[in-house]
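Let chain A serve as the given structure and place chain B on it in line with the hints.
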Amino acid sequence: MTGRLAPVELLLRSRGRFSASSRRVPWNQLVLIILATGSIYGFAMGSFSGLTALWGQSVVEPERRILQAIYSALKVPALLAITSAICLPSFFVLNTLLGLRDDFSAAMRAILTAQGTLAITLASLAPLILLLYCSTERYTVASISNGLMFFVATLAAQVMMRRHYRHLIARNPRHRVTLLVWLILYVFVATQAAWMFRPFIGDPQLEVAFVRADDWGNCYVKIFEAVTRFTSGR
Amino acid sequence: MKFFTEIDRLLRGDATRASSLRAGRIEIAVRTLLIACASLGALYGVFMGLFAAMGPNVNIGQLLASSLKVPLLFLLTLVVTFPSLYVFSALADTKLRPLETLRLLLASVAVTLSLLASFGPVTGFFTLSTDSYAFMKLLNVALFGISGIAGLWFLRKALDSLFDSDRFLPSPAAEPDLPSTPKKEGAEGASDDEDEQEDDDAVLAQPLPPPFMPSQVASRLPPVRRTSAEAARARLIFRVWTVIFGVVGAQMAWIMRPFVGSPDLPFELFRKGRVSNFFEAVLQTLGTLLN
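Those protein sequence lines, which keep their order, are chains A and B. Number 21 in our numbering belongs to position 21 of the first sequence; there are no gaps in the numbering. Number 1230 in our numbering belongs to position 230 of the second sequence; there are no gaps in the numbering.
In isolation and in its complexed conformation, chain A is listed as follows (with noise of 0.2 Å):
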């Protein structure tokens, strides 16, 4: 497997100037990775309400889905680099504050390497997401679907980032406290972020938008909220 390729299928392997031991970080190559894989699914991921109307259901402005389909290859991207740099201080000063400074780099390349498998495992399971919304206009089960693509590219990524960590522990045990702690505050700052940011797969019920800015909200006090009424039977 020669040209474009070649970089995913490196880092997928951890081999060469991807591999937990090589001393140059191809921080370039890593960013781009994650921009054009991220993309690609988020295209996949926002052509749900389009397709809907391509098939020939009543949806509000059918012209304009495509762009819900660009803002969400826009915003898949985008929401890996925010929540990333949201969690990247206080990951460093933990790092800092346990005596791991001399090993940052190694873990920001584990970080960056993760973030890409994660985009990467995304990308492929793009055309499994494509078929689907050619099975199904529910909306319901087109959003838990997404959740399960989420889900399975997440563990891809925490597959890589063990990969990148083992060597790490090895030479200092504490290592392990910093990786769950970020584990922990990406998912914790990610899931808001989303929140914010969606509409990510757009219903077609609804108008086409970039976000939903007129109810953005904390979504664990929604949560919290959804649950109150739901106990108390309201």
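There could be a bad hint or two in this list.
Partial selection, computed: residues in chain A whose CB lies under 7 Å from chain B [stated by the list, open to error]:
(1) 9
(2) 12
(3) 13
(4) 120
(5) 121
(6) 125
(7) 154
(8) 156
(9) 188
(10) 190
(11) 191
The set of hints was computed from the structure by calculation and includes no laboratory data. Glycine included, C-beta positions come from ideal geometry on N, C-alpha and C.
Only chain B this time, still in chain A's reference frame:
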């Protein structure tokens, strides 16, 4: 004639002998495989569309549509499922390189379609002797199922001989190489893109490096254990993929329907309305047949 000889070699398993697989190649051209898939699929498609063509509406269009759709169904299913298979097998760092994997999968599709095409006369015979649309649909589901299982059996056999081969044992030369790898990377810091690409191929062609572990841990693990674990991972990935391929193929067939073509409905390239799915439809048809 050469074309049939090639397909014959494939069916006999000569093209996927352990020795050639071990060298990382399948001795049959991608072009031959694609032509085989297209022509064999088209052949069965003709038999499949015969039911509509001989029905009260005489839908000749269905005959042509089915002969295009059968090969397309298999190739599109491969297009949908291959990217994720590639990502997961690369992530598990198995020996399978993407192009060889794709060729192997195309070969299994060609085997599936060869068997399916050989069932053509059976479908033709039942088309001439039955009026039941439900029966024809289920017969086709069964024949596709049998052919699919045969194709997967072929794939599994090829993978077994690949994974059991000694190619997985790390060559002794690989280990002294490892400490020098970072140095090599550093020295190439200023190289341009073209050099990097050649370098990529060289890196990927190398035998698997030992796992990233401190030397004292790595030395306690015999290298063979890692290789068999790798083969087990690859097998698991392929097993999961097989299921995904089957489900995706079935649903793809549903989206691309009609293949047989209901005698009561006019000819359409694709049926409108996509709610429901393949599995529901098979159960419903079974219900119709039993009632």
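Minimum beta-carbon distance criterion (7 Å), residue 191 of chain A to chain B: Status violated, d = 24 Å.
Should the interface hint for residue 12 of chain A be scored as holding, given a Cβ-Cβ cut-off of 7 Å against chain B? Hint holds; residue 12 of chain A Cβ to chain B Cβ min 4 Å, cut 7 Å.
Interface hint compliance - residue 125 of chain A to chain B, C-beta minimum distance less than 7 Å: Hint holds; residue 125 of chain A Cβ to chain B Cβ min 6 Å, cut 7 Å.
Hint validation: residue 13 of chain A versus chain B, beta carbon distance must be below 7 Å. Holds or violated? 5 Å, holds
Would you settle whether the hint for residue 121 of chain A is holds or violated, based on the nearest Cβ-Cβ distance to chain B being less than 7 Å? Holds, because the Cβ-Cβ distance from residue 121 of chain A to chain B comes to roughly 5 Å (cut-off 7 Å).
Hint check: 7 Å Cβ-Cβ cutoff, residue 120 of chain A to chain B: It holds, given that the least Cβ distance between residue 120 of chain A and chain B is near 6 Å, below 7 Å.
Please verify that hint: residue 156 of chain A, Cβ, nearest Cβ of chain B, below 7 Å or not. Status holds, d = 6 Å.
Have a go at the residue 154 of chain A hint: is there a Cβ in chain B nearer than 7 Å to its own Cβ? Cβ of residue 154 of chain A sits 13 Å from chain B, so the hint is violated.
Agreement of hint residue 9 of chain A with chain B interface, Cβ distance less than 7 Å: 6 Å, holds
Next item in the hint list is residue 190 of chain A. Is there a CB on chain B closer than 7 Å to its CB? Violated. Min distance 21 Å.
Holds or violated: residue 188 of chain A as interface residue toward chain B, Cβ cutoff 7 Å? 25 Å, violated
In summary, the structure is inconsistent with hints 7, 9, 10 and 11 from the numbered list given earlier, while agreeing with the others.
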